[in-house]
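Asker: What follows is the residue order along each chain.
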Amino acid sequence: MTNLSVRDTNLPRRRVLRAAVAAAAVVCTVVACSPVSNNDGGDPSGGDQSAGQDSFGTPADPAAVKQGGKLVIALSAEPDALDPTLSRSLYSRYVFQAMCQKLYDVNEQAQVVPQLATALPTTSGDGRTVTIPLRPGVRFADGTAFDSAAVKATLQRHLTNARSARKSELGPIDGVDTPDAQTVVLRLKQPFAPLLGALADRAGMIMSAQALRSKGDDFASAPVCVGPFKFAKRVPQNSIEVVRDPNYYDANKVHLDAISWRILTDASIRAANLRSGDAQVADSISTQDVASLRQDAAVSVLQSQSLGYQGLTINVGNVDGVGTAPKPINRPLAQNAKVRQAFEHAIDRKSLVDAVFNGLHAAACSPISPASTFSSPEAQTCPAHDPAKAKQLLAEAGVQTPYTVTMLASNTPDTLRLAQALQSMVKDGGFDLKINPVEYSSLLDEQDRGNFELLQLGWSGRIDPDANITNFVGTSASQNVAGYSNPQLDTLLTQARQAGDVEERRKLYGQAVTLLQQDDALIYLYRQRNLTAVSKQIQGLQVYPDGVIRAAFAGFGK
Amino acid sequence: MARYLLTRAWQSALTLLLSTIVVFVGVRALPGDPALALAGEDRSPEALEAIRRHYGLDQPLPVQFAQYVERMAQGDFGVSIRTGTPVSSMLTTALPVTVELSVLAILIAAALGVGAGVIAAVRRGRPAEWLANGLALIGLSVPHFWLGLLAILYLSVATGLFPASGFVPILEDPVDNLHHIVLPAVILGTGLAAIIMRQTRSAMLDSLSSDYVRTAKAKGLRPRAVITRHALRNSLIVVVTVVGLQLGGLISGAVVTEQIFGLPGFGKMTIDAVFQRDYPVIQAVVLLTAAAYIVINFFVDLLYSVIDPRIRVTGDPA
Chain A
1 MTNLSVRDTN LPRRRVLRAA VAAAAVVCTV VACSPVSNND GGDPSGGDQS AGQDSFGTPA
61 DPAAVKQGGK LVIALSAEPD ALDPTLSRSL YSRYVFQAMC QKLYDVNEQA QVVPQLATAL
121 PTTSGDGRTV TIPLRPGVRF ADGTAFDSAA VKATLQRHLT NARSARKSEL GPIDGVDTPD
181 AQTVVLRLKQ PFAPLLGALA DRAGMIMSAQ ALRSKGDDFA SAPVCVGPFK FAKRVPQNSI
241 EVVRDPNYYD ANKVHLDAIS WRILTDASIR AANLRSGDAQ VADSISTQDV ASLRQDAAVS
301 VLQSQSLGYQ GLTINVGNVD GVGTAPKPIN RPLAQNAKVR QAFEHAIDRK SLVDAVFNGL
361 HAAACSPISP ASTFSSPEAQ TCPAHDPAKA KQLLAEAGVQ TPYTVTMLAS NTPDTLRLAQ
421 ALQSMVKDGG FDLKINPVEY SSLLDEQDRG NFELLQLGWS GRIDPDANIT NFVGTSASQN
481 VAGYSNPQLD TLLTQARQAG DVEERRKLYG QAVTLLQQDD ALIYLYRQRN LTAVSKQIQG
541 LQVYPDGVIR AAFAGFGK
Chain B
1 MARYLLTRAW QSALTLLLST IVVFVGVRAL PGDPALALAG EDRSPEALEA IRRHYGLDQP
61 LPVQFAQYVE RMAQGDFGVS IRTGTPVSSM LTTALPVTVE LSVLAILIAA ALGVGAGVIA
121 AVRRGRPAEW LANGLALIGL SVPHFWLGLL AILYLSVATG LFPASGFVPI LEDPVDNLHH
181 IVLPAVILGT GLAAIIMRQT RSAMLDSLSS DYVRTAKAKG LRPRAVITRH ALRNSLIVVV
241 TVVGLQLGGL ISGAVVTEQI FGLPGFGKMT IDAVFQRDYP VIQAVVLLTA AAYIVINFFV
301 DLLYSVIDPR IRVTGDPA
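These protein sequences, in sequence, are chains A and B.
Residue numbers are given in full-length UniProt numbering: position 241 of the first sequence equals residue 241, and the series is strictly consecutive.
Residue numbers are given in full-length UniProt numbering: position 221 of the second sequence equals residue 221, and the series is strictly consecutive.
Source of the hints: derived by calculation from the structure; they are not laboratory data.
Even for Gly, the Cβ is constructed at its ideal location relative to N, Cα and C.
Check the hints yourself; a few may be wrong.
Here are the computed distance ranges between Cβ atoms for each label pair [said to hold, decoys possible]:
(1) B:Glu46 with A:Glu396: 50 to 58 Å
(2) B:Val99 with A:Thr58: 40 to 48 Å
(3) B:Gly56 with A:Thr58: 26 to 34 Å
(4) A:Asn252 with B:Val99: 42 to 50 Å
(5) B:Ile307 with A:Ala162: 43 to 51 Å
(6) B:Val295 with A:Asn252: 37 to 45 Å
(7) A:Ala297 with B:Gly115: 42 to 50 Å
(8) A:Gln518 with B:Glu46: 26 to 34 Å
(9) B:Ala29 with A:Arg417: 25 to 33 Å
(10) A:Gly143 with B:Leu178: 38 to 46 Å
(11) A:Ser476 with B:Leu140: 53 to 61 Å
Output of the computed footprint for chain A on chain B, the stretches with three or more beta carbons under 8 Å from beta carbons of chain A [as the list claims (entries may be wrong)]:
(12) 73-85
(13) 116-129
(14) 147-159
(15) 172-179
(16) 187-201
Let the sequences and hints guide you as you build the complete structure.
Answerer: Printed below as a string of structure tokens:
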């Protein structure tokens, strides 16, 4: 029998202690929970029905699709602010796709095509005036007219808002003119080829000027754009719902009544929801689940090769933090390109993706995707897997083998499997690879501070190659975590972003890749495929190389 | 009684203040920078600086703490760094979900645990006790996430009896709400039920062999009355203590359960906030949890005196 008496002398003190311990336990629970499941690492995607074949999905056949219904999409991570000026996550692009159309879009071939514009922009001879014709008769979800004034208000907000994530994407825009309601003219300080790619992404999403005036910085709480669907509600950390917009200019192409994105961060839970019918689409399927999903007669798997890459970054000069001037690091791996080349020769990319990702991802040796218009044979050249040459290069560099390298990597299961496969692979080339796994947020912190020797991370990719290269390898660029600098490469990249001609840009990027492979501060490993599982009840759902799920014109099959 | 309540009140306030400091320092001791987590791929130095300035992360820690305490005192939890939503509105959406899940889980656990515990004690040495003990062992050993996954696999995917995820607010559709929450509540309640069963059983065995039960039997009371009115009533003291202490486990269990079933509750909010280094959300969640602990402890103590009047509540030390 326990006859507790409150008159026990120790009790008040004990109770305070108990509550303090309880509070500490809560903190510890919170802290210790960190590594449970993190999909921000952006690992899995990519797939390949039969060795390298992409499958983007097909448009819906109106005769075979029912009208109405709510589509539920299981999403692997929570979108951030639903504001085209502020948004920074890939996942918000999925939601925007249904409710915030852009001046330009991307098609299956990763080419830029008009969306709210009626044609590709015309650029003046000196490359400094860009004219965009706008689609007439279009209304925002709040009923106001879509015109050049709205485009101007949006672009100005992108350029001036203190927290804008779009400012750098829009480059050297000096001013926006509106000669008439259906024409916008952008004035640039200097030619800027990547502008079109930016207008085919969030920078090109036009917001209702009236909503911007009334909501201001709070626009994300009830975003108003032009789109097949309009914002309905958001339950933070849980779901976002949009409903059909009767104001949409092409409303007869819309079949669904509503789309709901439900955030389910665990890949197996997403797959389970798909199987149970609680969701009809699941994004970022793990390469481990693809085989079993393919056996499910009710599910199909879409796969599109991404424009991004996964790779290894070697710290060659990041001493004082990213963006600062590079300083010498006293390590053979940092100082001697031969040691880095040796590491690259020790890697067998094909075996790596076959073993770790069941061959669903594609080996990659450069930042330029073969799917890009700017790809060339030079851009796709791959240094051979040659362990003997690796050992020879190490000998030439005068380092003792096995040469120990420590790699910082995300602690997600997929990345750890990749790291372990790399570890055993580079052994034959004379390297002893140590793995240091950390949680994603910490990884970002460490890499920006320069607290690493080698690290594994990737980039989700953009349509214009400049956005996939310059920021990462340009001297003191904002994401040049390697602390890498090559003036010759800087010149090439500047020429490439100012060149108006596609052929010329293609040639310059080819030369850039050759230089990148000589210096090897970044070793590109593989390109993910975006893997999306879709219930066969659904028709017309598509995923293009930009990785964005296009659900707006999908419908339930009859 | 009044003096006791006062003493407890200031102790609780002190504990809460200490928790505030621990939480504030604790989340900032985590490696990782919220500005970096938010900026994600688009992290230019200007963007990072703008984010830090906007959320006051560029201020020295003592200044941040002072601002935080000042806002908290006014009931303002700030805005989520990730979504820009006011934390208070996130809490108002998440809190009812977790409260409903926890209350339901406790009810299920108490019903199963006390029932099985009494049977195991009364039927000592018989198959009923072995069965109850076996089930309790399973309930204690099997982790929530695995049970949850199995439940989804068999009760949602295979049979379609319950939805695999999602939540419908009780005011919107009470039946649908129950349909969505019963399965997670049962999963969450299993571990607690096992603990309650074991405690009930041993307390009941204790009571059944005590003098007052023998006296009650000798007076000629019916066995059912002896068990429920005498033995069980005394045994419940232990059970209440255990349930109170296990609430911590329930909260951490809710974190996992909500994550698996995609319930928009406190637990899911906490996990996501930690990954995104969303300081205002983590702070609010942890503080509210600490406050809940303090309040629950307080009520557990009060409950003692209700169940067993011999325990008097006073503020005097003996």
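Asker: Could you run down the list of hints and mark each one as holding or not?
Answerer: Taking the hints in turn, this is what the structure says about them:
1. B:Glu46 with A:Glu396: 50 to 58 Å: Hint violated: Cβ distance 43 Å, outside 50 to 58 Å.
2. B:Val99 with A:Thr58: 40 to 48 Å: holds, 46 Å
3. B:Gly56 with A:Thr58: 26 to 34 Å: With Cβ atoms ~50 Å apart, the hint is violated.
4. A:Asn252 with B:Val99: 42 to 50 Å: Given range 42 to 50 Å: holds, Cβ gap about 46 Å.
5. B:Ile307 with A:Ala162: 43 to 51 Å: Violated, at about 59 Å.
6. B:Val295 with A:Asn252: 37 to 45 Å: violated, 57 Å
7. A:Ala297 with B:Gly115: 42 to 50 Å: holds, 44 Å
8. A:Gln518 with B:Glu46: 26 to 34 Å: Because 32 Å falls inside the window, the suggested range holds.
9. B:Ala29 with A:Arg417: 25 to 33 Å: Holds, since alanine 29 of chain B and arginine 417 of chain A (Cβ atoms, about 30 Å apart) stay within the stated range.
10. A:Gly143 with B:Leu178: 38 to 46 Å: holds, 40 Å
11. A:Ser476 with B:Leu140: 53 to 61 Å: 57 Å Cβ-Cβ, so the 53 to 61 Å window holds.
12. 73-85: With 5 residues close enough to chain A, the hint holds.
13. 116-129: violated (count 0)
14. 147-159: holds (count 5)
15. 172-179: violated (count 0)
16. 187-201: The restraint on the stretch 187-201 of chain B is violated, since only 0 of its residues have a Cβ under 8 Å from chain A and three are required.
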